[in-house]
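*Asks:* This is what each chain is made of:
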Amino acid sequence: MRPKLNHWFNIEVCIAACLAAAILIRPAHAVVVLPKGAKQPVMGYLVRQDDRTIVIRQELPGGKSRESSFPKKDLDELIITVSPERLSSLDPNKPQTYREYAEELAEKQRDPEARDTAIRLFAVVAARGDDQLRHSALLGLIALARHADEERLFRAAAYIFSSEHDPAILVASAGDAAAMDLSWSEVASKRGLTPLPPVSLDRLTEFDPATCVYRGGKWVRP
Amino acid sequence: MIVAHERGLTTTCRLKLVGVARKLGIGDDQIEQAIRSLAAIEPSAPPNRQAERFRRRLRKDLSGKSRTIIGPTIEAQILAAAHRKYALDEVLARQVIAEVTAELGLMRISASDAINSLAAQIDQAAGNSTWLAREAWDRLRSAGAKWGLELEVIDALIDERLAANRSAYLRNSSWTRATLNITVAAVIATGVIIAFLFLARAAREEVAPTSLTESTPNAPRNKPPAAPTWWDADLSVEMAHAKSQLKVLAGAMNLMTSVDSNQRAAGYEQLIQQISPDKQDIFRTVLSIVAGCLALEPDDSAAERLQATLLSLFPSTGSALPKANLPWTVAFWAADTSAAALVRHGAMPARKAALADALASVFGETIDTSLPQGEQQKRLRQLTAFAAYRQLTAAAGKQPAEVAAIYPALSQRAAAVLTPEEFLRAETALLVAAAPAAGSDWKVYERPLARCITSPDPLPALRVTDALRRTTDKKLVAFLSEQLLVRAQAKAKSANKADVIAAVRQSLAGGATLTAADRWTSLQEEAASLLEKPAATDDRELLSEYISLVHLTTLAVALAQGESGFASFDAGLAHPPHLSRPSSSEASRGDLRLDEVQQLVADSYRQRAGLLNSAAPVGSGIRGPEEALELCLAALAGGKSNDPLLAALPHQQKAQRFLAGDSLRYTVGLQRLLIELSARRVSKQRPERAAAARQIAEEAKIASASAKNALAQLREQETALLRLWMLYAPEA
Chain A
18 MRPKLNHWFN IEVCIAACLA AAILIRPAHA VVVLPKGAKQ PVMGYLVRQD DRTIVIRQEL
78 PGGKSRESSF PKKDLDELII TVSPERLSSL DPNKPQTYRE YAEELAEKQR DPEARDTAIR
138 LFAVVAARGD DQLRHSALLG LIALARHADE ERLFRAAAYI FSSEHDPAIL VASAGDAAAM
198 DLSWSEVASK RGLTPLPPVS LDRLTEFDPA TCVYRGGKWV RP
Chain B
-14 MIVAHERGLT TTCRLKLVGV ARKLGIGDDQ IEQAIRSLAA IEPSAPPNRQ AERFRRRLRK
46 DLSGKSRTII GPTIEAQILA AAHRKYALDE VLARQVIAEV TAELGLMRIS ASDAINSLAA
106 QIDQAAGNST WLAREAWDRL RSAGAKWGLE LEVIDALIDE RLAANRSAYL RNSSWTRATL
166 NITVAAVIAT GVIIAFLFLA RAAREEVAPT SLTESTPNAP RNKPPAAPTW WDADLSVEMA
226 HAKSQLKVLA GAMNLMTSVD SNQRAAGYEQ LIQQISPDKQ DIFRTVLSIV AGCLALEPDD
286 SAAERLQATL LSLFPSTGSA LPKANLPWTV AFWAADTSAA ALVRHGAMPA RKAALADALA
346 SVFGETIDTS LPQGEQQKRL RQLTAFAAYR QLTAAAGKQP AEVAAIYPAL SQRAAAVLTP
406 EEFLRAETAL LVAAAPAAGS DWKVYERPLA RCITSPDPLP ALRVTDALRR TTDKKLVAFL
466 SEQLLVRAQA KAKSANKADV IAAVRQSLAG GATLTAADRW TSLQEEAASL LEKPAATDDR
526 ELLSEYISLV HLTTLAVALA QGESGFASFD AGLAHPPHLS RPSSSEASRG DLRLDEVQQL
586 VADSYRQRAG LLNSAAPVGS GIRGPEEALE LCLAALAGGK SNDPLLAALP HQQKAQRFLA
646 GDSLRYTVGL QRLLIELSAR RVSKQRPERA AAARQIAEEA KIASASAKNA LAQLREQETA
706 LLRLWMLYAP EA
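Protein chains in written order, with this note's numbering: chain A, 18 to 239; chain B, -14 to 717.
No lab work stands behind these hints: they were computed from the structure. Please note: incorrect hints may appear among the correct ones.
As the list claims (entries may be wrong) - Derived DEER-like restraints, expressed as beta-carbon distance ranges:
#1 A/G54 - B/E683: 57 to 63 Å
#2 B/E510 - A/D166: 40 to 46 Å
#3 A/T228 - B/E511: 42 to 48 Å
#4 A/Q149 - B/R455: 42 to 48 Å
Glycine is no exception: its CB is placed at the ideal position from the N, C-alpha and C atoms.
Okay, chain A solo, but in the shape it has when bound (with noise of 0.2 Å):
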């Protein structure tokens, strides 16, 4: 049986919609407005700028979003955090190229997009780069920790995988010490079962440093 007449239309019409959504849906850039007198940055994605003003999209609670125009004389400061074209002109055999972007996210670590592709930059780092690269690596990834038991576990794995093994690094608290007498029953309540991290290159984060080359808005394997 022959398709009808409206069929057809209806399959290019979707066809057409399905294109024009994948030229219209471009991954957006975050950004991090300052506005003058203003106490907060703003951070959200750029919709559109020009020359006097900028469209942000802002992510609110529930899902929704908003968008909010800020002329560009008011602003104190307006950081585009996370470049995709500087990600995707990263080069894997060159991993000094992956620090400096990495350096400079770093700076922006209040945006958490920024600081996580810091993290993930720096993990690449350590896991390619030669012993200096990979000690600059570790020592920056110490700075960008998001919690304690983090940073205890980059500051091992810059300890061991230093050839210096600065004892320095391993900078403990006061209660850490005390931990060490505490029995078993003790650490439980105190502390609780979590387990023992490996330290590992290959798995200090939650980004897989293998899959070190940006693609179409997605990390994957070079």
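The hints should help you fit chain B onto chain A, whose structure is shown.
*Replies:* For chain B alone, kept in the frame of chain A given last:
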């Protein structure tokens, strides 16, 4: 009277009778008839004492010489000796020789047999040639002399064959010339006709279709392959015999005479494929041929293929079990053949060494190439029996019915080749594995089990207690319990298996000398259930498993120390640690009793440190598990300071301590380092198990990384440590 005096109608008797008859004027035809009638009614002669003495002497001289061939020369010498020492006439002596050689299974070749065999060999060597190379001629003379033929006779046979070839060649040449002439004439005539037709067509300016006929190429002459020059006289004789007598081997034989080493190798493989229990008539011939070819084959790769095919006939764990019909015949034939190849004269030393190495690899035992053939054959038969027992033991769990079906044949053969002690040991190991898995087939093992249990040595009975522990068949449990209690002269508290085993062990172990292998077996059985089951999901159960694993690992470390660790092992095996029963309030609170666990594993780790630090006794000041594990690490790290792993160890330890932050997690971190060092130690001391050690260490990393909490990590990593230290156990 003459017949009685001569003890029967012997040749001498016949001569005397003929002499008397002729004196009486009786005609020859009547004499012959009378003697024939006398032969028909002749009573059975009483045994001839001299003949019996001769028979005994001959039997004594020839027994044990299974490869001896009684040729015409040897037979003539024996006949002369029989006449000289026992005054036996030729007919009677020849009859005794025939009977004794048949009885001993020796090959006896008459002069006509020898001539026939040599003629076959000459045919093969000469083929259609009209001349024979000097080496081939000498080889044939040597072979003929071995058969007991005079050199003149041999030369005459060769000349006769070559003369026949020359005549055939001349005949063929005449025919060839005639055929050639006719062919040339036919070609010329055909050419003339074609030319005529062509001219005729050209004249008519017409093109007629022509038909082409393919000329059938002449079939190549079926020239019998000449014997390879590297064959020696013995091999040539065996090959000629095989080719003339054993048609089933013809295909393989043809390939084996090829100049192409690949074809020869294919021939060897075909030849050995013919070996099967229902073709035992070819065993002896193929044995000689294979041994000869293994020793003399000039191409190493062909020899390797032959060797590999031969060695594939030996039983090995994991390979398919032999069929129930005469299951081990082929394997023992391979043992005899290998023994023959190792002592084969003319073999290259490197070839013998390669075969010995390959056999050592198959059997896991070194092979002494200097042993004489009889001893070598016995040794290889013993090793084959052991390999067969290992194969059955390995298959007992998966193929219990097949194992039960072929076990009796092995037991029968093994009893003949092993010493009583070896036989008992091999039987016990198999029975302990096979009987509990046999189900209703256990009756096959009833008598052997009784034999093991009633042995004066208490060790087999102690081993059978392990079988009793794993047995579920009620009848087998009852049988084993009864037999063991009688043997141990013990009385159990109840009919319960555990009580029976305890009573038997209590009674027998005091006087028994347990070997390291027995202790490893006990440990493997204790550990098997724990290693096979997945980790518990409940934390309390997880801790219980962790304690058991720690204890078993310490026992394995004790056994790995050799005799110095036996006392610790025996004491530890008898007293495994257990968590005390929780009170009702503790149980209701869900208390994990972590402090008790900490204390129990600290004790076990401390003991382990003591075993590893035999030179430096472990002080009682050690408090927690982590301190004892640090001592274990220090003991295992003793070695080359330039080893990167050892050089990094103090830093690793420091980093783990920092990362852990508390004694519980630090124990997890130290376990990780202990796994690394244990795997390294196994790899160095047991290189054949290095791959297994590396795999265990890698699997432990993965399991620990995905563990839900620190308790699960302790359990997983202790499992890895136990598996690593169990690699020191001798192979079953």
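*Asks:* Could you tell me whether the CB distance from A/Q149 to B/R455 stays inside 42 to 48 Å?
*Replies:* Violated, at about 60 Å.
*Asks:* Range hint 40 to 46 Å: satisfied by the CB atoms of B/E510 and A/D166?
*Replies:* Given range 40 to 46 Å: holds, Cβ gap about 42 Å.
*Asks:* Taking 57 to 63 Å as the hint, is the beta-carbon distance of A/G54 and B/E683 inside that range?
*Replies:* holds (59 Å)
*Asks:* Go ahead and decide if the range 42 to 48 Å is satisfied by the Cβ distance of A/T228 to B/E511.
*Replies:* Given range 42 to 48 Å: holds, Cβ gap about 45 Å.
When each numbered hint is compared with the structure, a violation occurs for hint 4 only.
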